[in-house]
Amino acid sequence: MRALESTQTRSFYADKLKRAVHLLLFRRGKLPGAKEWELKEKLGKNYEQILGQLNQLLSELDLEIKKVEEPRTNDIAAEGGQVAPEEARYVVRLKGTLGLKESKMIGWRIDNLAALAASLAYLVSKQGKAPREDLERLLAQKFGRWKAVTLVDIFLRSGYLEEDDAGTTSLGWRTRSEVDLRSLMTKMAEAKV
Amino acid sequence: MRTTQASGRKELQELIKTCEAIEGRKFNPFFLDVRLGVETLRKYFPYWEHFEDNCLDAHTINRLSEVVRLQNTLLRFQSSALYADPEFVARKVERMSEKRLAEVFLQSYHPLTEQEQLTKEVLAEALDYWNILLPIDERWKRREYAAGKRPETADSSTLTGLGIHGVEFGKQLVAVWNELRNLYNPDQKPIEYWSFVRRPAYHETVQRAYFVSFLVTYGYARLIPEGTQLVLLPLEQPSEKQPAGAVSFPIPIPREN
Numbered sequence: 001m002r003a004l005e006s007t008q009t010r011s012f013y014a015d016k017l018k019r020a021v022h023l024l025l026f027r028r029g030k031l032p033g034a035k036e037w038e039l040k041e042k043l044g045k046n047y048e049q050i051l052g053q054l055n056q057l058l059s060e061l062d063l064e065i066k067k068v069e070e071p072r073t074n075d076i077a078a079e080g081g082q083v084a085p086e087e088a089r090y091v092v093r094l095k096g097t098l099g100l101k102e103s104k105m106i107g108w109r110i111d112n113l114a115a116l117a118a119s120l121a122y123l124v125s126k127q128g129k130a131p132r133e134d135l136e137r138l139l140a141q142k143f144g145r146w147k148a149v150t151l152v153d154i155f156l157r158s159g160y161l162e163e164d165d166a167g168t169t170s171l172g173w174r175t176r177s178e179v180d181l182r183s184l185m186t187k188m189a190e191a192k193v
Numbered sequence: 194m195r196t197t198q199a200s201g202r203k204e205l206q207e208l209i210k211t212c213e214a215i216e217g218r219k220f221n222p223f224f225l226d227v228r229l230g231v232e233t234l235r236k237y238f239p240y241w242e243h244f245e246d247n248c249l250d251a252h253t254i255n256r257l258s259e260v261v262r263l264q265n266t267l268l269r270f271q272s273s274a275l276y277a278d279p280e281f282v283a284r285k286v287e288r289m290s291e292k293r294l295a296e297v298f299l300q301s302y303h304p305l306t307e308q309e310q311l312t313k314e315v316l317a318e319a320l321d322y323w324n325i326l327l328p329i330d331e332r333w334k335r336r337e338y339a340a341g342k343r344p345e346t347a348d349s350s351t352l353t354g355l356g357i358h359g360v361e362f363g364k365q366l367v368a369v370w371n372e373l374r375n376l377y378n379p380d381q382k383p384i385e386y387w388s389f390v391r392r393p394a395y396h397e398t399v400q401r402a403y404f405v406s407f408l409v410t411y412g413y414a415r416l417i418p419e420g421t422q423l424v425l426l427p428l429e430q431p432s433e434k435q436p437a438g439a440v441s442f443p444i445p446i447p448r449e450n
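Protein chains in written order, with the numbering used here: chain W, 1 to 193; chain D, 194 to 450.
No wet-lab data here; the hints were simulated from the structure.
Warning: the hint list may mix true and false statements.
Said to hold, decoys possible - Far from chain W by the CB rule (all over 12 Å, computed), these chain D residues:
{"hint": "1", "residue": "Lys-236"}
{"hint": "2", "residue": "Ser-349"}
{"hint": "3", "residue": "Leu-416"}
As the list claims (entries may be wrong) - Straight line, CA to CA, 20 Å or less: simulated DMTMM-like cross-link-like pairs of lysine to aspartate or glutamate:
{"hint": "4", "chain 1": "W", "residue 1": "Lys-126", "chain 2": "D", "residue 2": "Glu-259"}
{"hint": "5", "chain 1": "D", "residue 1": "Lys-210", "chain 2": "D", "residue 2": "Asp-250"}
{"hint": "6", "chain 1": "W", "residue 1": "Lys-187", "chain 2": "D", "residue 2": "Glu-291"}
{"hint": "7", "chain 1": "D", "residue 1": "Lys-219", "chain 2": "W", "residue 2": "Glu-163"}
{"hint": "8", "chain 1": "W", "residue 1": "Lys-16", "chain 2": "D", "residue 2": "Glu-307"}
{"hint": "9", "chain 1": "W", "residue 1": "Lys-129", "chain 2": "W", "residue 2": "Asp-180"}
{"hint": "10", "chain 1": "D", "residue 1": "Lys-219", "chain 2": "W", "residue 2": "Glu-64"}
{"hint": "11", "chain 1": "D", "residue 1": "Lys-210", "chain 2": "W", "residue 2": "Glu-162"}
{"hint": "12", "chain 1": "W", "residue 1": "Lys-129", "chain 2": "D", "residue 2": "Asp-250"}
All of these numbers come straight from a predicted model, not from anything done at the bench.
We treat Cβ as the ideally placed atom computed from N, Cα and C, and that holds for glycine.
This is chain D alone, in the form it adopts within the complex (with noise of 0.2 Å):
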């Protein structure tokens, strides 16, 4: 009898997952067999004694009518003008030139009109703006401090240093990636930020802490605060979104040592 709920539980639980997924649009609804699903309903239903196991039993109806709606509602849309198979969408969009593809988009637009105006809320920003903001001659001053080397020139090689110019950005960021994978073994030490990014050249070590920085923002690596040290974890596969309590992190870099 144990041995039964706790099988029903755990097929109930994987039929709740697979319809989620479905619902992600991870699978297409016909993916799932809901006739199946409803018997297996029907084989545990008799072993359900306690209120948990019939709420879960409620959960998988209801998740179960949610992929029989969306079945619906892709045969309703297979039937509709808008129908276009995924792949073909694909196929087209990676075939068409960029060009070719706005003008495509461009005949189907209406840009909306409006006219935007100000609010009070608008006006008590711009308040504060004004109020805070310095006399002119402290933000002259403050320039005065700020003032570095006078503009010059920059030759080709500077520019191929700077990163704007030769290797394309992509590509010396994927190798800075690769590179830190090719170092990263989870079974040592984690890799120190200092160790990564520096080199002997001051020049080489802001251009490896500026592409380090896109690694971590886009999810390709991770900063790790240990104790007094800085750590990097690669990635294998990004992280789409934002860690919660992401934070905006300035990194000094002095040019000593």
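Looking at chain W on its own, in the form it has when it is part of the complex (with noise of 0.2 Å):
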């Protein structure tokens, strides 16, 4: 009896850990990865175990998932601050990280990935929000005039950086999925010039 009820659970979670994959991998909105009432509706109130049980299963092939917080306000600090489980997604990305040629090799230009590490860099020191034309100025130091309207253009269709009406540029839902912040000041705090 107590087998039968030990395979009925495996089956159950088998079931709702393909459920849950789906719901992250498979692409169906705007943006990619499902929110977190999306899954507590289709998985059930133990999504968040769910989860758990997929991302120790994804952790072997180097994927992880993570909770991204839209941010209620768009100031840097309020990072932390509690947020309305409607506003929360949950994606899947790399757990670990590219080197330069793998980078390449998955389209990104070397110049532009430096670009948007700067680009993102000043954002965060100005608490996640500049006007653009800073932005603009401070990336036309390094790269030219008329690459940095180009870069910031690519940066802000590409997801990493978003743009109001009045011209302030902040940090894009992209980069709250992909980019650890936290670990990029640190880094470029300590990088040899």
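From these two lone chains plus the hints, build me the complex, please.
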């Protein structure tokens, strides 16, 4: 009897794990991943346990599940604040990091990566927000005036940056999902020139 | 009484503007002395008689409270591990090589993994594409009509002429922009597009038109239709945003004249 129950529990979890993978990996809307309410609705109350189990499986493949919280305000310091469950999103991302060669293979140019690093570090130092012209001025010193405009456009299009009607740039959803800002700032400060 | 009200309105509006500039990250939140702002509000409050003035007063309080919130956020941020001085970051960026910057970024970068899939909308778009597409023999006919010169080799002088080789593209653009600015005199008539672009040799005209198109696209000049003429207006400060209603405007360059 106990053996039957245990088999049923295992299959129950296997089904839920599959459903969780489908929700997290297959893009349905504008952004990848799944919202917390969606997971709760499709996987049930113990969705966090299921995600924990899935995370263990994914870690063997150098992947991890990351909970991305939309800040209530655009201030970077509000990052740790309480967030309504419907605003949080779960995504699957690489657990480790990529090397320069690998990043080139997935379509990144070194100068674009360098410009993204500079833009993010600058925005973080300005608490997550800065006028677009200030950011372009910073990039222009390093990458040239004409390229700076194009680079900011690229980062806006790809979701690493966001811009409001007043021309203020801020960190985008993709930065919050993919970049460990604390590590970036520490490594930036430590880096030898 | 009226003079006091007028000066009070002016001061409150200036206060609001400063608060809004702080919100737009143009100034440090501690640039504004909030206590002085509150005292200004107190000073003029007894003079407010009209509804609009009270609204202005409430709006100023609202903006001041936002500045106080930003001051609080700044203090929390400065005490967090993320704090770095913007000047320090700018100096680091300037001194670090592109490769080093990219390496630093990659050490903190965990790209997302996802699987894009077909949706109803994408399928409908694909179906429309195939429905509109002409049969291949029709398309080949068009290609025959449009056949130009056969490919041939290009020497370094041709490449230099096209701006691909030789002086850096950015420098050439700046030179054209400076030329346009030097020619422009606000008191006189604006610069006519063709008189600026046209050169004795056809390839030079095409090259100048090409550079001017970049200047207009990036907001370093404006192209304004005036009757049957096109007029160029250089801008000292490039406009960061595309003007509302901006359109793509093809200009054919005839070989004649």
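Comparing the hints with the structure gives:
A cut-off of 12 Å between C-beta atoms confirms that D:Lys-236 is not in contact with chain W; the least separation is 30 Å. Against chain W, the non-interface label of D:Ser-349 holds: every CB pair exceeds 12 Å, the least being about 23 Å. Annotated as non-interface, D:Leu-416 keeps its C-beta farther than 12 Å from every C-beta of chain W; the closest such distance is 18 Å. Under the criterion of a C-alpha separation no larger than 20 Å, the hint pairing W:Lys-126 with D:Glu-259 is consistent with the structure, at around 17 Å.
For the suggested pair D:Lys-210 and D:Asp-250, the alpha carbons sit about 13 Å apart, so the restraint of at most 20 Å is met. The suggested pairing of W:Lys-187 with D:Glu-291 holds, with an alpha-carbon distance near 15 Å, which does not exceed 20 Å. Under the criterion of a C-alpha separation no larger than 20 Å, the hint pairing D:Lys-219 with W:Glu-163 is consistent with the structure, at around 15 Å. Proposed proximity of W:Lys-16 and D:Glu-307 is supported: the alpha carbons are some 19 Å apart, at most 20 Å.
Restraint check for W:Lys-129 and W:Asp-180: the C-alpha separation of about 17 Å stays at or below 20 Å, so the hint holds. Between the alpha carbons of D:Lys-219 and W:Glu-64 the distance comes to roughly 38 Å, so the proposed pair goes past 20 Å and is violated. Between D:Lys-210 and W:Glu-162, the direct Cα distance comes to roughly 24 Å. Violation of the 20 Å bound is thereby established for this hinted pair. For the hint pairing W:Lys-129 with D:Asp-250, the CA-to-CA distance comes to about 28 Å; that exceeds 20 Å, so the pair is violated.
When held up to the earlier numbered hints, the structure conflicts with 10, 11, 12 and fits the remainder.
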